[in-house]
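Put together the whole structure using the sequences plus the hints.
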Amino acid sequence: MPAVTTSADIALRHDVFHAIADPTRRRILELLKESEMSVTAIVSRFSVTQPAISQHLKVLRDAGLVAMRKVSRQRLYSLHAEPLADVDDWIGYFEDYWTEKMGELGRYLDANPD
Amino acid sequence: MKDINIDFTFQHPISRVWRALTDPDELEQWLMKNDFKPEVGHKFMFRDKPVKMLWKEVWDGTTQCEVLACDEPTKLSYSFHSPPNPKTIVTYTLEEVEQGKGTKVHVHQSGFHGFRGWMMRRAMNGGWRKLATGKLLESLERLEKEESAAASNA
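Here the protein sequences line up with chains A and G, keeping their order.
Throughout the first sequence, residue numbering follows the numbering used here, covering 9 to 122 in sequence.
Throughout the second sequence, residue numbering follows the numbering used here, covering 451 to 604 in sequence.
The hints are simulated quantities; they were obtained by calculation from the structure and are not laboratory data.
No residue lacks a Cβ here, since even glycine has one placed at the ideal position from N, Cα and C.
Heads up, a few of these hints could be off.
As the list claims (entries may be wrong) - Chain G stretches covered by chain A per the calculated footprint, using a threshold of three residues with CB under 8 Å from any CB of chain A:
| # | stretch |
| --- | --- |
| 1 | 461-467 |
| 2 | 476-485 |
| 3 | 550-559 |
Said to hold, decoys possible - To list a few chain A residues with every Cβ distance to chain G over 12 Å, as calculated:
| # | residue |
| --- | --- |
| 4 | E42 |
| 5 | S43 |
| 6 | V47 |
| 7 | T48 |
| 8 | A49 |
| 9 | I50 |
| 10 | M76 |
| 11 | R83 |
| 12 | L84 |
| 13 | E90 |
As structure tokens, this is what we get:
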């Protein structure tokens, strides 16, 4: 976890959260966990159109969760899972939550000792 | 997914800290509104402000709980479930320190699994409220446009 979180980091990490919040995109990530796939191969596994899948892939690419390489005329997509770990480190919300709440409990007790 | 473990020491006797953890009126003062009772098996609810992102409510503010352990004054445990996210378990372990003048509280939370666990952690306690400024707002607006573009393409 970096010592300084810039707003660009926040935006990027939000993109990661947004990306995994959608069930179709989670399924795409699951598929890519198995192997690198072309758009056509990915589309064949869903009942939605290619433009919709391409849009999902764009969101995943923007979040840094999938990589794309061109082989002749094919675009091959693969999973790039590192940002997920990054988000997990960064979003220790409950750690912050309980730390904050224990602070509040301490202040409450100090103000109401009996 | 890792568990959460936090230790905190209070300069108050264990009986006082136990009361703050188990009296519903006291609990409301530092945690949330609730209908807690210190009885194993009691089902209760915490209520907080709903959390909204730009285009949808991500958490309605309610957390459903059930008391799993209540051993005065050393151990309190309850399930902690904010639907549609997975159920976690929160356990407080209390220990006398400094010849009874102080109390160490260990907070343990377990049960984070998968994507929804991450989402829950993100959505909790105004995490979104704190973050919903500046670049993030721009990012949300951009993503919302992308979503509607994707929807019209589909």
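Do the hints match the structure? See the list:
1. Chain A is given as covering the stretch 461-467 of chain G, and this holds because 4 residues of the stretch bring a CB closer than 8 Å to a CB of that chain, at least three being needed.
2. Coverage of a stretch by a chain is defined here by at least three residues with a beta carbon nearer than 8 Å to that chain's beta carbons; for the stretch 476-485 of chain G and chain A the count is 4, and the condition holds.
3. Under the rule that three or more residues need a Cβ within less than 8 Å of chain A, the assignment of the stretch 550-559 of chain G holds, with 3 such residues.
4. The claim that E42/A lies off the interface holds: its Cβ sits roughly 17 Å from the closest Cβ of chain G, which is beyond the 12 Å cut-off.
5. With a closest Cβ-Cβ approach of about 21 Å to chain G, S43/A is found to remain outside the 12 Å limit, as its non-interface label requires.
6. Every Cβ of chain G is farther than 12 Å from the Cβ of V47/A; the closest lies at roughly 14 Å, confirming the non-interface assignment.
7. Chain G leaves T48/A outside its interface by the beta-carbon criterion, the shortest separation being 17 Å against a cut-off of 12 Å.
8. The Cβ of A49/A lies farther than 12 Å from every Cβ of chain G, with a closest approach of about 19 Å, so its non-interface assignment holds.
9. No Cβ of chain G comes within 12 Å of the Cβ of I50/A; the nearest lies about 15 Å off, and the non-interface call holds.
10. Every CB of chain G lies more than 12 Å from the CB of M76/A, the least distance being 17 Å, so the non-interface label holds.
11. For R83/A, the condition that its CB be more than 12 Å from all CB atoms of chain G holds, with the nearest at approximately 17 Å.
12. With a cut of 12 Å on Cβ distances, L84/A stays outside the contact zone with chain G, its closest approach being about 22 Å.
13. At roughly 15 Å, the least C-beta separation between E90/A and chain G is larger than 12 Å, which holds for a residue marked as non-interface.
The structure fails none of the hints (numbered hints given earlier).
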